[in-house]
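> Sequence:
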Amino acid sequence: MFKKKYTVSVLDSKWGIIKNSLKLEIIPRINEYLWLSDKYYSVISVVHSIQEKNGIFLIVEEQKNQPVL
7 MFKKKYTVSV LDSKWGIIKN SLKLEIIPRI NEYLWLSDKY YSVISVVHSI
57 QEKNGIFLIV EEQKNQPVL
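To convert, take the position in the sequence shown, counting from 1, and add 6; that gives our numbering.
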């Protein structure tokens, strides 16, 4: 079966770009965790922009208690 890959931008709570054009198979929901650049981020909000090209933005917050690797 074909899987659609979504292109999302990951932003911090002040809307600063953390990661741009990230390809994901599943869009995380609010309060789920995202593993990026050796850190866990908690998803605060998911914003869908409906324009000519649909944009998806994940607003995240870095977790304070990071596991030791």
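Derived from the structure by calculation, the hints contain no laboratory data. Treat the hints with caution; some may be incorrect.
Unchecked claim - Cut-off 20 Å, straight-line C-alpha distance, at most; resulting in silico cross-link-like pairs (EDC-like, lysine to aspartate or glutamate):
| # | residue 1 | residue 2 |
| --- | --- | --- |
| 1 | 45 | 68 |
| 2 | 45 | 67 |
| 3 | 59 | 44 |
| 4 | 25 | 44 |
| 5 | 59 | 38 |
| 6 | 10 | 68 |
| 7 | 70 | 44 |
Said to hold, decoys possible - Taking CB as the label site, the calculated pair distances span:
| # | residue 1 | residue 2 | range |
| --- | --- | --- | --- |
| 8 | 70 | 10 | 32 to 38 Å |
| 9 | 56 | 27 | 16 to 22 Å |
| 10 | 27 | 70 | 15 to 21 Å |
We put the CB at the ideal spot given by N, CA and C, even for glycine.
> Now look at each hint and say whether the structure bears it out.
Checked hints:
no., hint, result
1, 45 - 68, "7 Å, holds"
2, 45 - 67, "11 Å, holds"
3, 59 - 44, "30 Å, violated"
4, 25 - 44, "13 Å, holds"
5, 59 - 38, "26 Å, violated"
6, 10 - 68, "27 Å, violated"
7, 70 - 44, "13 Å, holds"
8, 70 - 10: 32 to 38 Å, "34 Å, holds"
9, 56 - 27: 16 to 22 Å, "19 Å, holds"
10, 27 - 70: 15 to 21 Å, "27 Å, violated"
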